[in-house]
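Q: One-letter residues, chain by chain:
Protein chains: 4
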Amino acid sequence: MGKSRTAPSQIDLITRYREVRALSEALAAPLSDADATVQSMADASPAKWHLAHASWFFETFVLRDHVPGYTPFDARYTFLFNSYYEAEGPRHARPMRGMLTRPSLKDVRAYRAHVDKALVTALPMLKPEVQALVLLGLNHEQQHQELMLTDIQHLLSLNPLEPALFDAPNALPAPIPGPLHWIEGRQGLVEVGDDGKGDFAFDCEGPRHKAVLHPHALAHRLITNGEWIDFIEDGGYARTSHWLSDGWAWVQAEGIEAPLYWKRNEQGWTRYGLDGRKPVNRAAPVTHISLYEADAYAHWAGFRLPTEAEWESAALNIAPTSGNQLDGAACPRARAAEGGSVLTQMFGDVWEWTGSAYRPHPGFRAAEGAVGEYNGKFMSGQFVLKGGSCATPRGHVRASYRNFFYPHQRWQFTGLRLAKDL
Amino acid sequence: MGKSRTAPSQIDLITRYREVRALSEALAAPLSDADATVQSMADASPAKWHLAHASWFFETFVLRDHVPGYTPFDARYTFLFNSYYEAEGPRHARPMRGMLTRPSLKDVRAYRAHVDKALVTALPMLKPEVQALVLLGLNHEQQHQELMLTDIQHLLSLNPLEPALFDAPNALPAPIPGPLHWIEGRQGLVEVGDDGKGDFAFDCEGPRHKAVLHPHALAHRLITNGEWIDFIEDGGYARTSHWLSDGWAWVQAEGIEAPLYWKRNEQGWTRYGLDGRKPVNRAAPVTHISLYEADAYAHWAGFRLPTEAEWESAALNIAPTSGNQLDGAACPRARAAEGGSVLTQMFGDVWEWTGSAYRPHPGFRAAEGAVGEYNGKFMSGQFVLKGGSCATPRGHVRASYRNFFYPHQRWQFTGLRLAKDL
Amino acid sequence: MGKSRTAPSQIDLITRYREVRALSEALAAPLSDADATVQSMADASPAKWHLAHASWFFETFVLRDHVPGYTPFDARYTFLFNSYYEAEGPRHARPMRGMLTRPSLKDVRAYRAHVDKALVTALPMLKPEVQALVLLGLNHEQQHQELMLTDIQHLLSLNPLEPALFDAPNALPAPIPGPLHWIEGRQGLVEVGDDGKGDFAFDCEGPRHKAVLHPHALAHRLITNGEWIDFIEDGGYARTSHWLSDGWAWVQAEGIEAPLYWKRNEQGWTRYGLDGRKPVNRAAPVTHISLYEADAYAHWAGFRLPTEAEWESAALNIAPTSGNQLDGAACPRARAAEGGSVLTQMFGDVWEWTGSAYRPHPGFRAAEGAVGEYNGKFMSGQFVLKGGSCATPRGHVRASYRNFFYPHQRWQFTGLRLAKDL
Amino acid sequence: MGKSRTAPSQIDLITRYREVRALSEALAAPLSDADATVQSMADASPAKWHLAHASWFFETFVLRDHVPGYTPFDARYTFLFNSYYEAEGPRHARPMRGMLTRPSLKDVRAYRAHVDKALVTALPMLKPEVQALVLLGLNHEQQHQELMLTDIQHLLSLNPLEPALFDAPNALPAPIPGPLHWIEGRQGLVEVGDDGKGDFAFDCEGPRHKAVLHPHALAHRLITNGEWIDFIEDGGYARTSHWLSDGWAWVQAEGIEAPLYWKRNEQGWTRYGLDGRKPVNRAAPVTHISLYEADAYAHWAGFRLPTEAEWESAALNIAPTSGNQLDGAACPRARAAEGGSVLTQMFGDVWEWTGSAYRPHPGFRAAEGAVGEYNGKFMSGQFVLKGGSCATPRGHVRASYRNFFYPHQRWQFTGLRLAKDL
Ligand SMILES: [Fe+3]
Ligand SMILES: [Fe+3]
Ligand SMILES: [Fe+3]
Ligand SMILES: [Fe+3]
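Residue numbers (the UniProt record's numbering), protein chains in the order written: chain Y, 1 to 422; chain X, 1 to 422; chain E, 1 to 422; chain R, 1 to 422.
This is chain Y alone, in the form it adopts within the complex (with noise of 0.2 Å):
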């Protein structure tokens, strides 16, 4: 579970609710019912059942446990759109959630109203720990936020129309980034991990420990498109010595030649996204790669790719809030590095591959109760990304905020950065 250390004061809590349920509105706002209906793939989910399963939090935790009198919307949703909580009984079948025509958009627009109006009239009079459940339950609805997005354009791709949600400005052509440059890091003893100081963290960026760097260097910009063609056509997706031996074998099954949603024609590489299928940007920063492929690459470059100690470490003074993020232009942004000379790119445009897997910080333990099986079963079999996406709405995510997804997932907005020994 998340942890809120002071009360948040009433007016900002209930402002901060209003915002984030409103934002996750306006996201869905161009969906149509079947838009938001249909699950592309199993690790998707619908833009639907995001909407309603954000809710169910809401009305569970908060509402059911700590409001008297509640009365639920409709008892049979708590079946249908509890995620993965095992201590709240069974549920639908989560590669079934495509299978929910009914309710209906609308429906689900209508329950969010209902657990709304409860919710704000509710909030004054909760207790500090309940106020916390909400802070929580806000963060919670932000990353269903970013993966609703996600697995919209995913399932926007699969339609051989390849239709545009939004229109995207047309941004004036970028210049081409310069060559990398290499920041040097902090070496020794480093504190990282959530110092309990914020208003708010996830369970498992804590507790605060000491971790050990090695001499490195961290690249002073992300990887663009065009830095990715050339590894393309030097043969890198071609060439095993490159590739993890699961990456190999997955490369070989999948057929893997690009990052997801690109495709080749006469003209170049174009790539598809919410904005539809646009000429690949050289100068904008490579998204929609595996854990493979950033290792693939870093291995082809010559580098590595930074551990989550060294990323996190070198982004305790940069602000979390600043960068490309939900609330930005395009996504990933194309953007010249500046001079060279210090980290860019940190927060926002792309989530950063690191080398590190998905494991406890030294002295974690899990919350208790359900809300307890918010991170710590996910720790195995995954790997640690940093840094948020133009995806992540601003002021979710922070230093030691640990994203974690498969090797072989790519179907968020996921980059790398290039880091080495020194």
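Note that these hints are calculated values from the structure, not bench results.
There are no misleading hints in this set.
Covered by chain Y, according to a simulated footprint, are these stretches of chain R (three or more residues, beta-carbon under 8 Å): (1) 80 to 92; (2) 239 to 251; (3) 350 to 361.
All C-beta atoms, glycine included, are put in the ideal place defined by N, C-alpha and C.
Based on the hints, put chains X, E and R with the ligands in the right spot on chain Y.
A: Okay, now just chains X, E and R with the ligands, sitting in the frame of chain Y:
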């Protein structure tokens, strides 16, 4: 392809065109955009897809090929809504039909209206052989009407809310049918297969040919749910000796214990239908059973399934428009079997599994060209079913009609009538 | 089960028993313990398993049931070597037969000797109906002899060393057969199926029954490798219009481009056989093709496959012991077709795919009890093959004999003869 | 690749070569040709393959590359017996290793003798860096000795006869170990990883590097079968809250209820081993458990798994040649834990799952060339195990040694030791 031997009168064809097209719309009327979009399994298609594909057939084989100046509604729809006509070029992969959240149901209705307008305008000028294609298209659309209903039922059955699409009238309790009577069939040489005298038949129904019938009798009525419960309670699903080897493997692998859509609760067996979940009616014909189940039941009962020729020969004197078909009240209908001296329930209610593999009649040759892909290429691994069901549009079925499904499939309204050697 | 209508004379039965059993040993003689142990696919069984299972049949249905005081060789073998007789209790899972490194081939030979000794001793005292079971067991063992050979060939084909088990004599180059001639078949009512007059037939071969033949002709010889290469070179495997729908799916999924065991090198096509890898002989009948391939070839050539009744009726006057069978020189044999005025190659060389599904003959009833599981339960999804092959023991096959395989299977010596409507 | 820092003296290397090679032969001595040929699952290899592959390593990287005039035993073996060295060209597919009934076990022994003769002759003339390759080859062969044993055990376990390969001496009943004691570990900065001072280490063991240890303690002994039965009886396998999410999915999909090779009968739990099926010894360490099971046990017990650095730091002062290793009496050994003031059972008995993902140590770079494929490419998705087992050749393991398997794998002798935070 189908064959229409005499040019149907123009007035009739326009009327018939309007009626068939209107029935599709009526059947889809209770569906939301989401209901009409989702594909519940690879065997099924979204309702929207059925509606569009039936129009694509007219647009392609009639309007495009024979109506100069016709402007396609949307050139991209050819790729989306071709089913399996290899000669018509590449097409959207069948298991991905459910990803098409766009075009919307509303768009598809506009597509239908566009085709209707063009076709009704052109009809009077079409040459007889093109009018025959229109008649084929109408029969094709009727097939898709039945599939659309059974596909929707399958989809909604996967929703834990088990929504009812229609209200079924509360039938008077039907008396349990009495014991089976046996109606002796013709012996020796008979003629079966399409005789070329009706307005229309699919290519696979002919040619007319001689067949030998050995001494046999058919049960005067269908097997009921009550009799099926006897089979279950006698361990029918647990005793391997009743089953075809492939059937037993299917029972074991899928954990089959009852017809599709059945569940047992404290009060007994219930079944899901488009009118929601209801108690199983012991008087009604059993339905949603596979060939494997039908065959195992017959073995358990000491009898066998009819051959196609036995069934067809017996049906030659029965009006194919009789029985409980798509315009009937309940699906299938519980009905006391009359006296027992004549065959009843031959048309309508449920498709009757025969013991005959779906192979070409002697002398069959598939038509050339794209419409020739219609039936011949499916002639391996499937069994013939006869007689139509409560979801078959009245007027669509006849004695020579050959429906065909794989022996494990059971989401259609499939049932059985026993036969025996004399 | 099989039926032997007259008690075979004891002397003959003992002689025949010894001969059949000795042939199994002779066929297995070149095998190492390892060769005889490995299972190359779920459809195949280890040679050791065939040798033991054929003995288990005698031990179970003859010695255990009818010879008081018989002591089983090893009580645990029942579990290991029962094939699919559900009535005989649980058994080792079929796909795990290749895990049985113990008992060794030597142990299995000792098991066979133990059974032989007991059976030869008991034979003179056995009642006629039990002697009939012995005859059934011998026919059963002959079936396994053919399977053993084809299973070994499949196994060794997966070894990159492509070992030769036998030396094949260097045949004189055979002249390429001339064009196909068509031999008109009987028309109207014919009698086919086992007539109960021979010493033995399997249950599924009967009963004798009437069938109608429509005007047709059969090709006077089998299709050759040379003709098959023409099919390949004309794009036969690449043009969907020739294929059954299931067949095309199989071709695509498995990447099929030629008969099993064929490879192309610079000199042309080669094939693997128990005599190693050799050039494809254009004069020899094509073999190791699936029903899908046979049907596609027939479609490409403008003809069709014979029905079972057509083939059987034509074969009634041909000696079933003729042709190139298991004791012949090459498998299959390249042979100039004689004149063209008579049917040739009907027995032996290759099993001929028919267009008939393997379903019961009219009036068929499976025998009661365990041996009744013999054939009836396989009557779905398979096609009938007729005439035996170069791996069928001479004396085993006859006109009414029904072999059956799934339409994708092709590791048997399967080939085709064309038919056409007149 | 491995590193040998000082050229081992020639006498020693020859002696060691002879000893290691002889041990492989001795371990394989009880196997039949069939035992040595069959592959029981994709994760395992046939014994014959292990024996040949270990020789291929010497033949390829030493004899072919560094001994002029060496004549390969059989040029085709390179294709058959390369494991995964992509740089060495194409090779027989791993899941098809069990199809190689030829060459025979006898042939493989001749291959080994051929390589031995050439290598022992050449050894004195080899340059130090080539002698280092020989030492690498010996360590490589030792790894395959352990795999060969566990692979044989897996194969024989699938035989319903459950054959015993060895007789195990009837051990005196061992007293049940007393309660766990906790041994506090070092805190703060420690040095772990290969220090480059031993004769040999695999590349992934280094470089030596600093790690931070947080306050913790390790259990003084391994978890026993008796304690594991307590876990089972307390519903350990049925309660999802103890399990990693991937682990719970594995438990459900595979129906896991106990360690591999365990079965319950009326007398209680039994386990299969190379000495046959025997009652589970409550005093012995539990083995054949997956990381998922080890982690679930630790969660159930209220503790956690050690990290690799915690384990390695604690093992630095313990002789790696101590404990019950491959030359010991039983596998693993039931043994009363001594007093409790020191760590016991650290080396030998069972590989201890750590909570550390198998990722590169800081500063790790894989060697160039084919031998560089040795370890680095497996660094995703696996966990580190430490300490060796009762099937590890004595002298092969050390504190820095990193074994690695996927979290679901358990056919090795895998077990667990608990750790806790202080
Ligand atoms: Fe969630
Ligand atoms: Fe259609
Ligand atoms: Fe058999
Ligand atoms: Fe190896």
